[in-house]
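S.K.: Sequence:
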Amino acid sequence: MFSRRLKTGYFALEGLNSFATVFYFYYLYFFMHQVYGFGNKANLMLAALNGGTYGLAAWFAGRFAQRQGYFNALKLGYTLMIVALGLGLAVRSAAGQVGIMVVTVVGMSFTWPTLEALVSEGEPRAGVQHMVGIYNVVWAATAALGNFSGGAMLEKLGLASLFYVPMALHVSQLLLILWLQSKAAAGSETVAPRGTASRSVDFELEATAVKSSIGGAAVLPAVRPAAGVEARGHEIPSAKRFLRMAWLANPCAYIAINTLIAVVPAVARRLELSTMAAGFCCSTWCFARVGAFALLWRWTAWHYRFRWLLLAYMALVGSFAAVVLAPNLLVLVVAQLVFGCAVGLIYYSSLFYSMDCSETKGEHGGIHEAAIGLGNCAGPAVGAAALQLVPQYSQSGTVAVISLLLCGLGGLVGIWRTKPANESIRQEVSE
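The C-terminal position of the sequence shown is numbered 1616 in this note's numbering, with every residue numbered one higher than the one before it.
Since the hints were made in silico from the structure, they are not lab data.
Certain hints may be false.
Listed below are the simulated SDA-like cross-link pairs for lysine to any residue, each with C-alpha atoms no more than 20 Å apart in a straight line [what the hints assert, rightly or not]:
| hint | residue 1 | residue 2 |
| --- | --- | --- |
| 1 | Lys1260 | Met1352 |
| 2 | Lys1425 | Arg1190 |
| 3 | Lys1341 | Lys1226 |
| 4 | Lys1260 | Phe1245 |
| 5 | Lys1425 | Ile1552 |
| 6 | Lys1368 | Leu1510 |
| 7 | Lys1260 | Tyr1349 |
| 8 | Lys1226 | Gln1577 |
| 9 | Lys1425 | Arg1602 |
| 10 | Lys1226 | Leu1510 |
| 11 | Lys1425 | Gly1595 |
| 12 | Lys1425 | Trp1487 |
| 13 | Lys1260 | Lys1368 |
| 14 | Lys1260 | Phe1196 |
| 15 | Lys1425 | His1488 |
| 16 | Lys1341 | Ala1197 |
| 17 | Lys1226 | Ser1579 |
| 18 | Lys1425 | Ala1311 |
| 19 | Lys1368 | Met1352 |
| 20 | Lys1341 | Gly1284 |
| 21 | Lys1341 | His1488 |
| 22 | Lys1368 | Arg1190 |
| 23 | Lys1425 | Leu1272 |
| 24 | Lys1226 | Trp1487 |
| 25 | Lys1260 | Ala1371 |
| 26 | Lys1226 | Leu1274 |
| 27 | Lys1226 | Arg1602 |
| 28 | Lys1260 | Leu1359 |
Please build the complete structure, drawing on both the sequences and the hints.
M.R.: Rendered as C-alpha coordinates:
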(Lines of atoms letter the chains of each structure in order from A and count residues from 1; the text may use other names and numbers.)
(Lines give C-alpha, C1' and ligand atoms only; values in the text may rest on other atoms or scores of the structure.)
Protein backbone atom coordinates (compact mmCIF):
# COMPACT_ATOMS: atom_id res chain seq x y z
CA MET A 1 0.00 0.00 0.00
CA PHE A 2 2.93 2.33 0.68
CA SER A 3 5.33 1.30 -2.10
CA ARG A 4 6.95 3.95 -4.26
CA ARG A 5 5.24 2.43 -7.31
CA LEU A 6 1.78 2.93 -5.83
CA LYS A 7 2.74 6.37 -4.57
CA THR A 8 3.08 7.48 -8.18
CA GLY A 9 -0.65 6.83 -8.44
CA TYR A 10 -1.29 8.80 -5.26
CA PHE A 11 0.55 11.78 -6.78
CA ALA A 12 -1.68 11.50 -9.86
CA LEU A 13 -4.73 11.59 -7.57
CA GLU A 14 -3.28 14.62 -5.82
CA GLY A 15 -2.70 16.54 -9.05
CA LEU A 16 -6.23 15.91 -10.30
CA ASN A 17 -7.62 16.81 -6.89
CA SER A 18 -5.74 20.08 -6.78
CA PHE A 19 -6.79 21.22 -10.26
CA ALA A 20 -10.45 20.30 -9.71
CA THR A 21 -10.84 21.85 -6.26
CA VAL A 22 -8.93 25.04 -7.11
CA PHE A 23 -11.01 25.60 -10.24
CA TYR A 24 -14.28 25.16 -8.36
CA PHE A 25 -13.49 26.98 -5.12
CA TYR A 26 -11.46 29.85 -6.59
CA TYR A 27 -13.95 30.65 -9.32
CA LEU A 28 -17.08 30.06 -7.24
CA TYR A 29 -16.71 33.70 -6.14
CA PHE A 30 -16.77 34.90 -9.75
CA PHE A 31 -19.82 32.67 -10.35
CA MET A 32 -21.68 34.05 -7.32
CA HIS A 33 -20.74 37.59 -8.29
CA GLN A 34 -21.94 37.25 -11.87
CA VAL A 35 -25.08 35.15 -11.28
CA TYR A 36 -26.30 36.36 -7.88
CA GLY A 37 -24.61 39.75 -7.53
CA PHE A 38 -22.40 38.83 -4.56
CA GLY A 39 -20.12 41.72 -3.56
CA ASN A 40 -17.05 41.74 -1.34
CA LYS A 41 -18.96 41.30 1.92
CA ALA A 42 -21.13 38.44 0.64
CA ASN A 43 -18.16 36.64 -0.91
CA LEU A 44 -16.15 37.05 2.30
CA MET A 45 -19.02 35.53 4.28
CA LEU A 46 -19.15 32.67 1.79
CA ALA A 47 -15.40 32.16 2.17
CA ALA A 48 -15.73 32.15 5.96
CA LEU A 49 -18.40 29.45 5.76
CA ASN A 50 -16.15 27.47 3.42
CA GLY A 51 -13.21 27.65 5.83
CA GLY A 52 -15.22 26.92 8.96
CA THR A 53 -16.81 23.86 7.39
CA TYR A 54 -13.43 22.59 6.21
CA GLY A 55 -11.79 23.16 9.58
CA LEU A 56 -14.37 21.03 11.38
CA ALA A 57 -14.66 18.36 8.70
CA ALA A 58 -10.90 17.91 8.09
CA TRP A 59 -10.20 17.16 11.75
CA PHE A 60 -12.83 14.41 11.71
CA ALA A 61 -11.76 13.20 8.27
CA GLY A 62 -8.14 12.73 9.36
CA ARG A 63 -9.25 10.55 12.28
CA PHE A 64 -11.66 8.67 9.99
CA ALA A 65 -8.88 7.92 7.50
CA GLN A 66 -6.52 6.72 10.24
CA ARG A 67 -9.11 4.35 11.70
CA GLN A 68 -11.26 3.26 8.75
CA GLY A 69 -8.62 3.16 6.02
CA TYR A 70 -7.18 5.62 3.54
CA PHE A 71 -8.91 4.13 0.50
CA ASN A 72 -12.28 4.23 2.23
CA ALA A 73 -11.80 7.89 3.11
CA LEU A 74 -10.88 8.78 -0.47
CA LYS A 75 -13.83 6.92 -1.96
CA LEU A 76 -16.21 8.68 0.42
CA GLY A 77 -14.74 12.08 -0.37
CA TYR A 78 -14.88 11.69 -4.15
CA THR A 79 -18.42 10.34 -4.03
CA LEU A 80 -19.65 13.31 -1.98
CA MET A 81 -18.05 15.80 -4.37
CA ILE A 82 -19.39 14.08 -7.48
CA VAL A 83 -22.94 14.04 -6.13
CA ALA A 84 -22.78 17.65 -4.91
CA LEU A 85 -21.37 19.06 -8.15
CA GLY A 86 -23.89 17.09 -10.20
CA LEU A 87 -26.70 18.67 -8.20
CA GLY A 88 -25.01 22.06 -8.60
CA LEU A 89 -25.79 21.94 -12.33
CA ALA A 90 -29.52 21.89 -11.53
CA VAL A 91 -29.72 24.28 -8.56
CA ARG A 92 -30.91 27.78 -9.45
CA SER A 93 -30.89 29.64 -6.11
CA ALA A 94 -28.07 31.31 -4.21
CA ALA A 95 -28.95 29.40 -1.03
CA GLY A 96 -28.89 26.14 -2.97
CA GLN A 97 -25.43 26.90 -4.35
CA VAL A 98 -24.19 27.67 -0.84
CA GLY A 99 -25.47 24.25 0.23
CA ILE A 100 -23.70 22.62 -2.73
CA MET A 101 -20.47 24.33 -1.68
CA VAL A 102 -20.77 23.05 1.89
CA VAL A 103 -21.24 19.42 0.80
CA THR A 104 -18.34 19.76 -1.66
CA VAL A 105 -16.12 21.12 1.12
CA VAL A 106 -17.01 18.16 3.35
CA GLY A 107 -16.14 15.77 0.52
CA MET A 108 -12.82 17.53 -0.09
CA SER A 109 -11.93 17.25 3.61
CA PHE A 110 -11.63 13.46 3.23
CA THR A 111 -9.08 13.79 0.45
CA TRP A 112 -6.23 16.10 1.49
CA PRO A 113 -5.34 14.63 4.91
CA THR A 114 -5.52 11.15 3.38
CA LEU A 115 -3.31 11.97 0.40
CA GLU A 116 -0.74 13.62 2.68
CA ALA A 117 -0.63 10.51 4.83
CA LEU A 118 -0.45 8.08 1.90
CA VAL A 119 2.65 9.69 0.40
CA SER A 120 4.41 9.92 3.80
CA GLU A 121 3.62 6.56 5.40
CA GLY A 122 6.35 3.94 5.54
CA GLU A 123 9.10 6.50 4.91
CA PRO A 124 12.25 7.19 6.95
CA ARG A 125 13.13 10.82 7.67
CA ALA A 126 14.95 11.38 4.37
CA GLY A 127 12.00 9.77 2.61
CA VAL A 128 9.50 12.05 4.34
CA GLN A 129 11.42 15.13 3.16
CA HIS A 130 11.61 13.73 -0.37
CA MET A 131 7.97 12.68 -0.62
CA VAL A 132 6.58 15.84 0.99
CA GLY A 133 8.68 17.82 -1.48
CA ILE A 134 7.18 16.01 -4.46
CA TYR A 135 3.71 16.27 -2.91
CA ASN A 136 3.99 20.03 -2.49
CA VAL A 137 5.33 20.65 -5.99
CA VAL A 138 2.60 18.49 -7.58
CA TRP A 139 -0.39 20.07 -5.86
CA ALA A 140 0.99 23.61 -6.12
CA ALA A 141 1.78 23.24 -9.84
CA THR A 142 -1.65 21.87 -10.71
CA ALA A 143 -3.30 24.49 -8.46
CA ALA A 144 -1.43 27.21 -10.33
CA LEU A 145 -2.56 25.71 -13.62
CA GLY A 146 -6.15 25.55 -12.38
CA ASN A 147 -6.08 29.15 -11.20
CA PHE A 148 -4.36 30.37 -14.37
CA SER A 149 -6.69 28.61 -16.81
CA GLY A 150 -9.88 28.75 -14.73
CA GLY A 151 -10.92 32.21 -15.84
CA ALA A 152 -10.49 31.31 -19.50
CA MET A 153 -12.45 28.06 -19.06
CA LEU A 154 -15.27 29.83 -17.27
CA GLU A 155 -15.40 32.48 -19.99
CA LYS A 156 -15.09 30.16 -22.98
CA LEU A 157 -16.97 27.06 -21.77
CA GLY A 158 -19.70 28.86 -19.86
CA LEU A 159 -20.63 29.06 -16.17
CA ALA A 160 -21.81 25.42 -16.12
CA SER A 161 -18.18 24.35 -16.54
CA LEU A 162 -17.65 25.33 -12.89
CA PHE A 163 -19.49 22.11 -12.05
CA TYR A 164 -18.99 19.59 -14.84
CA VAL A 165 -15.22 20.04 -15.25
CA PRO A 166 -14.33 19.22 -11.61
CA MET A 167 -17.05 16.57 -11.49
CA ALA A 168 -15.48 14.76 -14.46
CA LEU A 169 -12.07 14.92 -12.79
CA HIS A 170 -13.46 13.50 -9.54
CA VAL A 171 -15.08 10.61 -11.43
CA SER A 172 -11.69 9.79 -12.94
CA GLN A 173 -10.14 9.97 -9.45
CA LEU A 174 -12.71 7.56 -8.06
CA LEU A 175 -11.93 5.08 -10.84
CA LEU A 176 -8.20 5.51 -10.24
CA ILE A 177 -8.45 4.86 -6.50
CA LEU A 178 -10.45 1.69 -7.14
CA TRP A 179 -7.69 0.50 -9.46
CA LEU A 180 -4.95 1.43 -6.96
CA GLN A 181 -6.80 -0.40 -4.21
CA SER A 182 -6.98 -3.54 -6.30
CA LYS A 183 -3.24 -3.32 -7.06
CA ALA A 184 -2.41 -2.82 -3.39
CA ALA A 185 -4.56 -5.79 -2.41
CA ALA A 186 -3.04 -8.00 -5.11
CA GLY A 187 0.53 -7.15 -4.11
CA SER A 188 -0.09 -7.01 -0.35
CA GLU A 189 2.34 -4.10 -0.30
CA THR A 190 2.55 -2.50 3.12
CA VAL A 191 5.89 -0.70 3.24
CA ALA A 192 7.99 1.56 1.07
CA PRO A 193 11.06 -0.07 -0.47
CA ARG A 194 14.40 0.41 1.20
CA GLY A 195 16.74 3.21 0.12
CA THR A 196 16.74 4.95 -3.26
CA ALA A 197 19.47 6.81 -5.07
CA SER A 198 18.18 10.09 -3.65
CA ARG A 199 18.68 8.99 -0.03
CA SER A 200 21.96 9.64 1.71
CA VAL A 201 21.36 7.25 4.60
CA ASP A 202 20.17 3.70 5.02
CA PHE A 203 17.33 2.60 7.27
CA GLU A 204 16.49 -0.84 8.53
CA LEU A 205 12.77 -1.55 8.19
CA GLU A 206 11.25 -4.30 10.26
CA ALA A 207 7.69 -5.24 9.37
CA THR A 208 6.02 -6.12 12.65
CA ALA A 209 2.51 -6.63 11.26
CA VAL A 210 0.48 -6.26 8.12
CA LYS A 211 -2.86 -4.63 7.48
CA SER A 212 -5.88 -6.54 8.66
CA SER A 213 -7.56 -5.62 5.39
CA ILE A 214 -6.46 -3.39 2.56
CA GLY A 215 -9.41 -1.05 3.08
CA GLY A 216 -8.82 -0.83 6.81
CA ALA A 217 -6.49 1.24 8.91
CA ALA A 218 -2.81 0.70 8.24
CA VAL A 219 -0.59 -1.09 10.72
CA LEU A 220 2.78 0.44 10.05
CA PRO A 221 6.22 -1.15 10.10
CA ALA A 222 8.57 -0.32 12.90
CA VAL A 223 11.35 1.95 11.67
CA ARG A 224 14.76 1.79 13.35
CA PRO A 225 17.37 4.29 12.09
CA ALA A 226 20.91 3.16 11.53
CA ALA A 227 23.67 4.54 13.73
CA GLY A 228 24.60 8.16 13.10
CA VAL A 229 21.44 8.97 11.17
CA GLU A 230 19.93 12.45 11.51
CA ALA A 231 17.22 12.50 14.18
CA ARG A 232 13.56 12.57 13.27
CA GLY A 233 11.44 15.50 14.36
CA HIS A 234 10.24 13.91 17.60
CA GLU A 235 13.90 13.42 18.62
CA ILE A 236 14.82 17.12 18.18
CA PRO A 237 14.45 19.11 21.42
CA SER A 238 12.64 22.08 19.84
CA ALA A 239 10.61 20.11 17.29
CA LYS A 240 7.27 20.35 19.08
CA ARG A 241 7.75 24.09 19.44
CA PHE A 242 8.34 24.42 15.70
CA LEU A 243 5.26 22.31 15.07
CA ARG A 244 3.16 24.65 17.22
CA MET A 245 4.59 27.71 15.47
CA ALA A 246 3.88 26.19 12.07
CA TRP A 247 0.34 25.26 13.09
CA LEU A 248 -0.16 28.93 14.04
CA ALA A 249 1.58 30.45 11.02
CA ASN A 250 -0.13 28.26 8.40
CA PRO A 251 -3.72 29.19 9.30
CA CYS A 252 -2.60 32.82 9.35
CA ALA A 253 -1.24 32.34 5.82
CA TYR A 254 -4.60 30.93 4.81
CA ILE A 255 -6.32 33.91 6.44
CA ALA A 256 -4.50 35.95 3.81
CA ILE A 257 -4.99 33.45 0.97
CA ASN A 258 -8.72 32.90 1.39
CA THR A 259 -9.37 36.62 1.91
CA LEU A 260 -7.37 37.35 -1.22
CA ILE A 261 -9.28 34.78 -3.28
CA ALA A 262 -12.63 36.21 -2.14
CA VAL A 263 -11.77 39.80 -3.06
CA VAL A 264 -10.04 39.06 -6.38
CA PRO A 265 -13.26 39.84 -8.33
CA ALA A 266 -13.26 43.33 -6.76
CA VAL A 267 -9.53 43.81 -7.44
CA ALA A 268 -10.09 42.74 -11.06
CA ARG A 269 -12.97 45.18 -11.39
CA ARG A 270 -10.89 48.04 -9.97
CA LEU A 271 -8.03 47.31 -12.38
CA GLU A 272 -10.51 46.72 -15.25
CA LEU A 273 -9.55 43.08 -15.84
CA SER A 274 -11.87 40.55 -17.46
CA THR A 275 -12.46 37.17 -15.81
CA MET A 276 -9.91 35.58 -18.14
CA ALA A 277 -7.34 38.36 -17.59
CA ALA A 278 -7.88 38.14 -13.83
CA GLY A 279 -7.17 34.40 -13.99
CA PHE A 280 -3.93 35.07 -15.85
CA CYS A 281 -2.72 38.00 -13.73
CA CYS A 282 -3.96 36.98 -10.28
CA SER A 283 -2.46 33.48 -10.41
CA THR A 284 1.13 34.77 -10.26
CA TRP A 285 1.40 33.95 -6.56
CA CYS A 286 0.49 30.33 -7.26
CA PHE A 287 3.44 29.94 -9.65
CA ALA A 288 5.73 31.67 -7.14
CA ARG A 289 4.58 29.13 -4.55
CA VAL A 290 5.53 26.29 -6.91
CA GLY A 291 9.02 27.76 -7.23
CA ALA A 292 9.30 28.09 -3.45
CA PHE A 293 8.24 24.47 -2.95
CA ALA A 294 10.77 23.25 -5.51
CA LEU A 295 13.56 25.17 -3.75
CA LEU A 296 12.55 24.06 -0.25
CA TRP A 297 12.33 20.46 -1.43
CA ARG A 298 16.02 20.44 -2.40
CA TRP A 299 17.36 22.93 0.15
CA THR A 300 16.84 21.66 3.69
CA ALA A 301 18.78 24.21 5.75
CA TRP A 302 15.48 25.89 6.68
CA HIS A 303 14.42 22.87 8.76
CA TYR A 304 13.93 23.89 12.40
CA ARG A 305 15.32 27.41 11.80
CA PHE A 306 13.17 30.16 13.27
CA ARG A 307 14.62 33.01 11.22
CA TRP A 308 13.23 31.62 7.97
CA LEU A 309 9.74 31.17 9.37
CA LEU A 310 9.80 34.69 10.84
CA LEU A 311 11.00 36.31 7.59
CA ALA A 312 8.36 34.45 5.60
CA TYR A 313 5.62 35.59 7.95
CA MET A 314 6.70 39.23 7.82
CA ALA A 315 6.79 39.05 4.01
CA LEU A 316 3.31 37.52 4.06
CA VAL A 317 1.81 40.50 5.88
CA GLY A 318 3.42 43.14 3.67
CA SER A 319 2.74 41.41 0.37
CA PHE A 320 -0.90 40.69 1.25
CA ALA A 321 -1.53 44.39 1.82
CA ALA A 322 0.24 45.26 -1.43
CA VAL A 323 -1.79 42.76 -3.49
CA VAL A 324 -5.19 43.81 -2.15
CA LEU A 325 -4.42 47.55 -2.42
CA ALA A 326 -2.40 47.35 -5.66
CA PRO A 327 -2.83 50.57 -7.67
CA ASN A 328 -1.65 49.02 -10.92
CA LEU A 329 -0.82 45.72 -12.60
CA LEU A 330 2.95 45.92 -11.94
CA VAL A 331 2.51 46.22 -8.17
CA LEU A 332 -0.07 43.42 -8.29
CA VAL A 333 2.32 41.01 -10.01
CA VAL A 334 5.45 41.85 -7.97
CA ALA A 335 3.57 41.66 -4.66
CA GLN A 336 2.19 38.27 -5.66
CA LEU A 337 5.70 36.94 -6.26
CA VAL A 338 6.64 37.78 -2.68
CA PHE A 339 3.31 36.50 -1.37
CA GLY A 340 3.71 33.14 -3.12
CA CYS A 341 7.22 32.59 -1.74
CA ALA A 342 6.08 33.49 1.78
CA VAL A 343 3.05 31.19 1.86
CA GLY A 344 5.18 28.45 0.27
CA LEU A 345 7.65 28.32 3.16
CA ILE A 346 4.91 28.62 5.78
CA TYR A 347 2.80 25.82 4.29
CA TYR A 348 5.83 23.58 3.75
CA SER A 349 6.84 24.09 7.40
CA SER A 350 3.42 23.03 8.67
CA LEU A 351 3.17 19.91 6.52
CA PHE A 352 6.78 18.80 6.96
CA TYR A 353 6.79 19.23 10.73
CA SER A 354 3.40 17.48 10.95
CA MET A 355 4.72 14.45 9.08
CA ASP A 356 8.20 14.51 10.64
CA CYS A 357 6.97 14.69 14.24
CA SER A 358 4.25 12.06 14.10
CA GLU A 359 3.59 8.36 13.69
CA THR A 360 -0.20 8.78 13.15
CA LYS A 361 0.12 10.69 9.91
CA GLY A 362 -3.56 10.57 9.01
CA GLU A 363 -4.53 12.30 12.25
CA HIS A 364 -1.73 14.85 12.02
CA GLY A 365 -2.64 15.50 8.39
CA GLY A 366 -6.18 16.17 9.60
CA ILE A 367 -4.93 18.65 12.21
CA HIS A 368 -2.77 20.37 9.57
CA GLU A 369 -5.77 20.68 7.25
CA ALA A 370 -8.14 21.71 10.07
CA ALA A 371 -5.78 24.55 10.93
CA ILE A 372 -5.95 25.64 7.29
CA GLY A 373 -9.75 25.61 7.55
CA LEU A 374 -9.68 27.79 10.65
CA GLY A 375 -7.48 30.30 8.84
CA ASN A 376 -9.76 30.17 5.82
CA CYS A 377 -12.67 31.00 8.11
CA ALA A 378 -11.09 33.65 10.35
CA GLY A 379 -9.71 35.97 7.67
CA PRO A 380 -12.86 36.36 5.56
CA ALA A 381 -15.05 36.48 8.69
CA VAL A 382 -13.04 39.37 10.13
CA GLY A 383 -13.04 41.13 6.75
CA ALA A 384 -16.81 40.75 6.35
CA ALA A 385 -17.44 41.93 9.92
CA ALA A 386 -15.34 45.03 9.35
CA LEU A 387 -17.23 45.87 6.17
CA GLN A 388 -20.50 45.41 8.08
CA LEU A 389 -19.46 47.56 11.05
CA VAL A 390 -17.57 50.27 9.14
CA PRO A 391 -19.16 50.26 5.66
CA GLN A 392 -18.09 53.84 4.91
CA TYR A 393 -14.44 52.73 4.65
CA SER A 394 -14.02 50.47 1.64
CA GLN A 395 -10.69 49.10 2.88
CA SER A 396 -11.81 48.42 6.45
CA GLY A 397 -11.87 44.68 5.73
CA THR A 398 -8.28 44.74 4.51
CA VAL A 399 -7.11 46.71 7.56
CA ALA A 400 -8.91 44.27 9.87
CA VAL A 401 -7.29 41.24 8.25
CA ILE A 402 -3.83 42.85 8.40
CA SER A 403 -4.41 43.53 12.11
CA LEU A 404 -5.31 39.86 12.59
CA LEU A 405 -2.13 38.79 10.80
CA LEU A 406 -0.06 41.05 13.05
CA CYS A 407 -1.63 39.36 16.08
CA GLY A 408 -0.47 36.07 14.59
CA LEU A 409 3.05 37.49 14.31
CA GLY A 410 2.98 38.30 18.02
CA GLY A 411 1.83 34.77 18.78
CA LEU A 412 4.61 33.31 16.65
CA VAL A 413 7.28 35.27 18.49
CA GLY A 414 5.65 34.40 21.82
CA ILE A 415 5.85 30.66 21.14
CA TRP A 416 9.46 30.97 20.08
CA ARG A 417 10.47 32.86 23.21
CA THR A 418 8.87 30.22 25.45
CA LYS A 419 11.68 27.69 25.24
CA PRO A 420 11.51 24.34 27.04
CA ALA A 421 13.79 24.12 30.06
CA ASN A 422 15.53 21.02 28.71
CA GLU A 423 16.35 22.45 25.31
CA SER A 424 20.07 22.21 24.64
CA ILE A 425 22.30 25.26 24.30
CA ARG A 426 23.71 23.85 21.08
CA GLN A 427 20.22 23.73 19.56
CA GLU A 428 19.57 27.37 20.53
CA VAL A 429 22.83 28.52 18.96
CA SER A 430 22.26 26.60 15.73
CA GLU A 431 18.81 28.17 15.31
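S.K.: Each hint: holds or not?
M.R.: These are the hints, each one checked on the structure:
no., hint, result
1, Lys1260 / Met1352, "holds, 14 Å"
2, Lys1425 / Arg1190, "violated, 32 Å"
3, Lys1341 / Lys1226, "violated, 28 Å"
4, Lys1260 / Phe1245, "holds, 16 Å"
5, Lys1425 / Ile1552, "holds, 14 Å"
6, Lys1368 / Leu1510, "violated, 51 Å"
7, Lys1260 / Tyr1349, "holds, 19 Å"
8, Lys1226 / Gln1577, "holds, 13 Å"
9, Lys1425 / Arg1602, "holds, 14 Å"
10, Lys1226 / Leu1510, "holds, 16 Å"
11, Lys1425 / Gly1595, "holds, 18 Å"
12, Lys1425 / Trp1487, "holds, 16 Å"
13, Lys1260 / Lys1368, "holds, 16 Å"
14, Lys1260 / Phe1196, "holds, 16 Å"
15, Lys1425 / His1488, "holds, 13 Å"
16, Lys1341 / Ala1197, "violated, 26 Å"
17, Lys1226 / Ser1579, "holds, 10 Å"
18, Lys1425 / Ala1311, "holds, 19 Å"
19, Lys1368 / Met1352, "violated, 25 Å"
20, Lys1341 / Gly1284, "violated, 26 Å"
21, Lys1341 / His1488, "violated, 44 Å"
22, Lys1368 / Arg1190, "holds, 10 Å"
23, Lys1425 / Leu1272, "violated, 44 Å"
24, Lys1226 / Trp1487, "violated, 38 Å"
25, Lys1260 / Ala1371, "holds, 19 Å"
26, Lys1226 / Leu1274, "violated, 25 Å"
27, Lys1226 / Arg1602, "violated, 37 Å"
28, Lys1260 / Leu1359, "holds, 6 Å"
Hint violations for this structure: numbers 2, 3, 6, 16, 19, 20, 21, 23, 24, 26, 27, all remaining hints satisfied.
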